[in-house]
Amino acid sequence: MAVISIPAFASVQKNATNTTHKDFDPTPVIMEHIGDSHSWPFVFPLVAEKPIPLPVILYTDKGMEVFSSSKITPEGTVYAGNYYSYKLQEKKIKIVDATGKADEKATVYDFSITRNVVSMFMTITVLLIVFLSVSSTYKKRAGKAPKGLQSFLEPLILFVRDDIAIPNLGIKYVRFMPLLLTIFFFILINNLFGMIPFFPGGFNLTGNIAVTMVLSVIILLVVNLNGNKHYWKHIFMPNPWWLFPIMIPVEIVSIFSKPIALMIRLFANITAGHIVILSLISLIFIFGTLWISPVSIVFVVFMDMIELLVAFLQAYIFTLLSALFIGMAVEEHHHEVI
Amino acid sequence: MELVTPDIGLVFWTTICFVILLFILGKFAWKPILEAVKERENSIETALQRAEAAKDEMARLTNENEALLKQARVERDLILQEARKLKDQIISEAKESANTEGHRMIEMARIEINNQKAIAMADVKNQVASLSLEIAEKILNKQFEDQKKQDELVAQLLKEVKL
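Protein sequences appear in the order of chains A and B. Under my numbering, think of the first position of the first sequence as 1, with each following residue one higher. Under my numbering, think of the first position of the second sequence as 339, with each following residue one higher.
Hints are not guaranteed to be accurate.
[To be verified] Straight-line Cα separation of at most 25 Å, DSS-like style, residue types lysine-lysine; simulated pairs:
| # | chain 1 | residue 1 | chain 2 | residue 2 |
| --- | --- | --- | --- | --- |
| 1 | B | Lys365 | A | Lys144 |
| 2 | B | Lys376 | A | Lys147 |
| 3 | B | Lys497 | A | Lys172 |
| 4 | B | Lys476 | B | Lys487 |
| 5 | A | Lys144 | B | Lys497 |
| 6 | A | Lys140 | B | Lys365 |
| 7 | B | Lys497 | B | Lys486 |
| 8 | A | Lys101 | A | Lys87 |
| 9 | A | Lys229 | A | Lys172 |
| 10 | A | Lys258 | A | Lys172 |
| 11 | B | Lys369 | A | Lys140 |
| 12 | B | Lys376 | A | Lys144 |
| 13 | B | Lys369 | A | Lys139 |
| 14 | B | Lys486 | A | Lys139 |
| 15 | A | Lys105 | A | Lys71 |
| 16 | A | Lys91 | A | Lys71 |
Since the hints were made in silico from the structure, they are not lab data.
Isolated chain B (complex conformation) (with noise of 0.2 Å):
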């Protein structure tokens, strides 16, 4: 029965402790330790929060950056392709035009040739006739030196014309 008699002399000690106990500690620890707890955690938050923001928005960004990546391709293909068929047409149009050019040189040369050709004809006839000229004159000089053959030949050709 000793045993659960509460003393009143420990009653009342344990009471003022007690209370000291819980004004002290809820003045000057409690508070300031819960305070700093939440304080922290409210920081944690925080950060962990503007992490996954940060996170959303690389990834926006690594997304927007294929994108960009993805649509600089196509443009990269589809410049290179309009170059290619720029070059072959440009190839083909050149080679189109030397064709064309060599043609037309060639057929010009052609004419010059036959101008030069007809010129140096005429020119060569024109020779020849002198020559021809010339050389007859000189035999007919030289024929008509003897009188005789001069006779005789008047004679041939008025055998020859016929009347």
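Next up, chain A with everything else stripped away, as it sits in the complex (with noise of 0.2 Å):
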């Protein structure tokens, strides 16, 4: 994410010192990364940075616009579509009126093909590749030790399996085992490739709400349509029958409270340790010298080792709470055994 936002700052800083340095806010530059835009800036090394134009798929009520964003930028760039005028505004496209106003009223759901979603698109393709050929390697090596990038990844599949399926959910992990690996995945690999400066990575995909929102709302959905007549009865039938009234709202709200925190947990890491990067970097424009940078770097490269583990782990939390609460759904006997 660093050489992403070099020449930003570059020319942050060029327009700083046709005044004085002190001007230099890293929030705007922080909150283009951590967030999401219609374009990809693309860079060449210390020459030049492109933004890559990105469609635009927006819904009216009048019907679908699809164009290229390059219509609509630099910000505030006013786009004459088939049924509205649109423009950027703080990221997000607005309807412009006739005066060439935002129109606060009128709603646009907004479906582009944004940045984090080519990452992810970039990402899924990568796990298709590796585990299809992965997968094929184990069909041609059937019985044999694996090999290559199979017996880099077997050790992960192993522990998705043994250490978080297994223990949570028991005999019945077969039927999870697939969503587990997947979530497993998706999380870490988005982790690591957020963690890659410039292309392919530089995007924030799992430290982005709507992405954590929906695995925990698939997770919510599994936990619940899973839930056996213990589970049920453990929210609607509490023991002793006078906790009804406290009981029962405390067992909805935690039906709810507890994808919310896997939510909550998993973007609030990634992006918590892209900002602290980022402000890392940004100490060298805030003080305007190069010879704050080996101060920057070293701390840095400290903090992208964190973070390194931060991927791993918090791929395993989301894992391993999504197994534990899915396991608390199925499981038998009753809880007053325990």
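From these two lone chains plus the hints, build me the complex, please.
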């Protein structure tokens, strides 16, 4: 993420040197990276930063609109579409009225292929290529010792199975293995790619609340659709009966609070890591001197190592807690026994 | 606040992507991979069990062999001992029989010698007798060639005869 930002910093700094050093404000730069955007900031190192336009897909009350994001960049450029005119305002696409001002009342649903969506397509392609090839290796080398990529990934797969799924789900683990493995590797690869500062990384997908929300909603659905009668009895028939008024709302809240905790944890961990690293890089520009860079670099390398740990750790925790919640919903024996 | 507001677009694409990913990987990657791993684990386990069984079998065979060997050794010792006893017995028997035979033969030889001696003695006696007779005859013949001597003898004999 650092290199992506450097030309941005550079341009900001050039502007800043025209006035004073003190004017550098890291917040927009960091927010630009942490958030999503309608174009991919492609970098020719030390030469230029060129945003690659991405398709914008809008759903309005009159129908679909598809156009390139180059039509509405830089921010504020008004593009007249088939049904309305649009412009970017604070990175959100707004419908523009005749006077050129954003119409706050008009709703437009933005299904654009943004930077994060492209990154996701990319990581998913990588996942598919890697695991389908590994799967074919398994078929070819049936019964033999693992080799190459297979021997690198097998410990991870076995880790998910033996240390996450089986202890929490017991004998029913087989049904949930595909979900747990997919979640684990999806989070892991996006965490790791997010750490690469330039193409193919330089995005913040698992640190995006929309992504973590989708993952936790999937867990919410899986948990509650697989909940057996003990699970529901535990929620709606707590012991003793006079606790009903307190316990039932608490249990209902807990149904939702668990996935929400999952969502916030992953989002906050990854976003915080990215913010810390970018802030350390920003120090160079805040101080306006190259002499601070060794300090920044030492700290950034240190943080990168922690982030590497966090990348694995968060993938592990998310999967572990998912397995735990599913396990609590599908376990057979009564809770009173425990 | 913008950070914690999920974008509908990203929610939409993430859902689609994740469900597709889950479907494809679940069908074409996780299932075969987990099955292959399971199969391999099973085969390793059976191989280990078989090895263990083979080890037990080996140990059993070794024990059996050792027992057999021990038994064979004991039997061999027994046979050797018996053979030694038998040998000693045979030797002593042979000695004894040789002794008695020797005695018997010596005895027989002595008897034979005695017999022969007796026969020889008898023979010698006969010869001596006949020789004596011959000598006596010759002497008598010589003596009686001279009449005077005959008379003398008769006279002497007559003198000797006491009535």
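Margin query: Hints numbered earlier in the text: which of these fail when held up against the supplied structure?
Written below: Hints 3, 5 and 14 contradicted; others consistent.
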